[in-house]
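S.K.: These are the residues of each chain, in order.
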Amino acid sequence: GESVGLHLPTLSVQEGDNSIINCAYSNSASDYFIWYKQESGKGPQFIIDIRSNMDKRQGQRVTVLLNKTVKHLSLQIAATQPGDSAVYFCAENLGGYQKVTFGTGTKLQVIP
Amino acid sequence: GAVVSQHPSWVICKSGTSVKIECRSLDFQATTMFWYRQFPKQSLMLMATSNEGSKATYEQGVEKDKFLINHASLTLSTLTVTSAHPEDSSFYICSARGSRVGAADRNEQFFGPGTRLTVL
Chain P
1 GESVGLHLPT LSVQEGDNSI INCAYSNSAS DYFIWYKQES GKGPQFIIDI RSNMDKRQGQ
61 RVTVLLNKTV KHLSLQIAAT QPGDSAVYFC AENLGGYQKV TFGTGTKLQV IP
Chain H
1 GAVVSQHPSW VICKSGTSVK IECRSLDFQA TTMFWYRQFP KQSLMLMATS NEGSKATYEQ
61 GVEKDKFLIN HASLTLSTLT VTSAHPEDSS FYICSARGSR VGAADRNEQF FGPGTRLTVL
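Chains as they are written, first to last, in the working numbering: chain P, 1 to 112; chain H, 1 to 120.
Worth flagging that the hints you see were computed from the coordinates, not collected in a lab.
Treat the hints loosely; a few may be bogus.
Said to hold, decoys possible - Mimicking BS3-like on lysine-lysine, the simulated pairs with C-alpha atoms at most 30 Å apart in a straight line are:
| # | chain 1 | residue 1 | chain 2 | residue 2 |
| --- | --- | --- | --- | --- |
| 1 | H | Lys20 | P | Lys99 |
| 2 | H | Lys66 | H | Lys55 |
| 3 | P | Lys71 | H | Lys41 |
| 4 | H | Lys66 | P | Lys99 |
| 5 | P | Lys99 | H | Lys41 |
| 6 | P | Lys56 | H | Lys55 |
| 7 | P | Lys68 | H | Lys41 |
| 8 | H | Lys14 | P | Lys42 |
| 9 | H | Lys20 | P | Lys42 |
| 10 | H | Lys55 | P | Lys42 |
| 11 | P | Lys107 | H | Lys55 |
| 12 | H | Lys55 | P | Lys99 |
| 13 | P | Lys56 | H | Lys64 |
| 14 | H | Lys41 | P | Lys56 |
| 15 | P | Lys42 | H | Lys64 |
| 16 | P | Lys42 | H | Lys66 |
Model the full assembly from the supplied sequences, consistent with the hints where possible.
M.R.: If you want it as C-alpha cells, here you go:
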C-alpha cells in the first residue's frame, strides 16, 4: 500500500559522519526499490536502486541495504557533506512497468 | 541522464481559472508519463499515469474532470487544472519513462523539476 507522510522525520548529522536513513515498505510483492533525493523546490533526483534479488548495492558514497524479511530498506551515506542536505525518499515498484510509490521521506540536515 | 522539463516552473492564478502545465522529455521518447502532487512536508502522491495515445489512468480520489491529462506525443504530456481553487495549490511533478538508447534500466523514471501552483 501507499504511505502518506504527514510529518517529515528529521535526521541531523555532523559533517563528515555517516548517515543512515531508514524506510519501511508495505508491499511484499515489490521487487524494485529506489532512493531519491529531493532538494527544496526541485524534483526528485535518482540516487541508487536495488532489486529484490539483492540485499546490498553500493554506489559512490552511498549504499542501499534491503531486508525483505522485515520489509526494510536503508540508505547509508558515507562522509556526509553539506550538499547532502535534502529530503530523501524511498520508493517501491512492483516490477515490470508498474508505477513507483513513494514512502514518507526523511529530511537530512548536515551540521557543518 | 535523461532530461525532463516542466513549464512553467511556477504559476499564480485566480480561483476559478484553469492552468496548464507541460512536461517534456527532451532526449528520449516517453511512452509513459506520471503526474504527482506534493504538499508541503509531504511525500509525492501519484495522481495519474498516462501512456502516449491513450487515456490517462487516475488514482483513487483524483478527479479526472478536474485534472485533465493529455499525452498526445512521445515527448509531451500536459496537465490542466480546471477551475482551480486554493486547495489545489501544490507542487506538481511529472516523471517520464520510456526506451532510450543506452538506458541501463528501461524501468527508470526520470523526474521533472516540478511546477509550483498557487491559487489565490
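S.K.: Keeping to a limit of 30 Å between CA atoms, is the pair of Lys41 (chain H) and Lys56 (chain P) held or broken?
M.R.: Holds, at roughly 29 Å.
S.K.: Please work out if Lys56 (chain P) and Lys64 (chain H) have their alpha carbons no farther apart than 30 Å.
M.R.: 40 Å, violated
S.K.: Would the pair Lys55 (chain H) and Lys99 (chain P) pass a check requiring their Cα atoms to be no farther apart than 30 Å?
M.R.: 16 Å, holds
S.K.: Given the hint that Lys20 (chain H) pairs with Lys42 (chain P), test it: the Cα-Cα distance must not exceed 30 Å.
M.R.: Given that 30 Å is the threshold and the Cα spacing comes to 19 Å, the pair holds.
S.K.: Run the distance test for Lys56 (chain P) versus Lys55 (chain H): straight-line Cα separation, threshold 30 Å.
M.R.: At roughly 38 Å apart (the allowed maximum being 30 Å), Lys55 (chain H) and Lys56 (chain P) break the hint.
S.K.: Hinted pair, alpha-carbon criterion (30 Å max): Lys99 (chain P), Lys41 (chain H). Please report holds or violated.
M.R.: 22 Å, holds
S.K.: Sort out whether Lys55 (chain H) lies within 30 Å of Lys66 (chain H), counting only the CA atoms.
M.R.: 14 Å, holds
S.K.: Between the alpha carbons of Lys42 (chain P) and Lys64 (chain H), is the straight-line distance 30 Å or under?
M.R.: 26 Å, holds
S.K.: Holds or violated: Lys55 (chain H) with Lys42 (chain P), Cα cutoff 30 Å?
M.R.: 28 Å, holds
S.K.: Lys14 (chain H) and Lys42 (chain P) were given as a pair; does the straight-line alpha-carbon distance stay at or below 30 Å?
M.R.: 24 Å, holds
S.K.: Under the criterion that the straight-line Cα-Cα distance not exceed 30 Å, is the pair Lys71 (chain P), Lys41 (chain H) satisfied?
M.R.: Holds: Lys71 (chain P) and Lys41 (chain H) sit about 24 Å apart, inside 30 Å.
S.K.: Can you confirm whether the C-alpha distance between Lys42 (chain P) and Lys66 (chain H) stays at or below 30 Å?
M.R.: 25 Å, holds
When the structure is compared with the earlier hints, violations turn up for hints 6, 11 and 13 and for no others.
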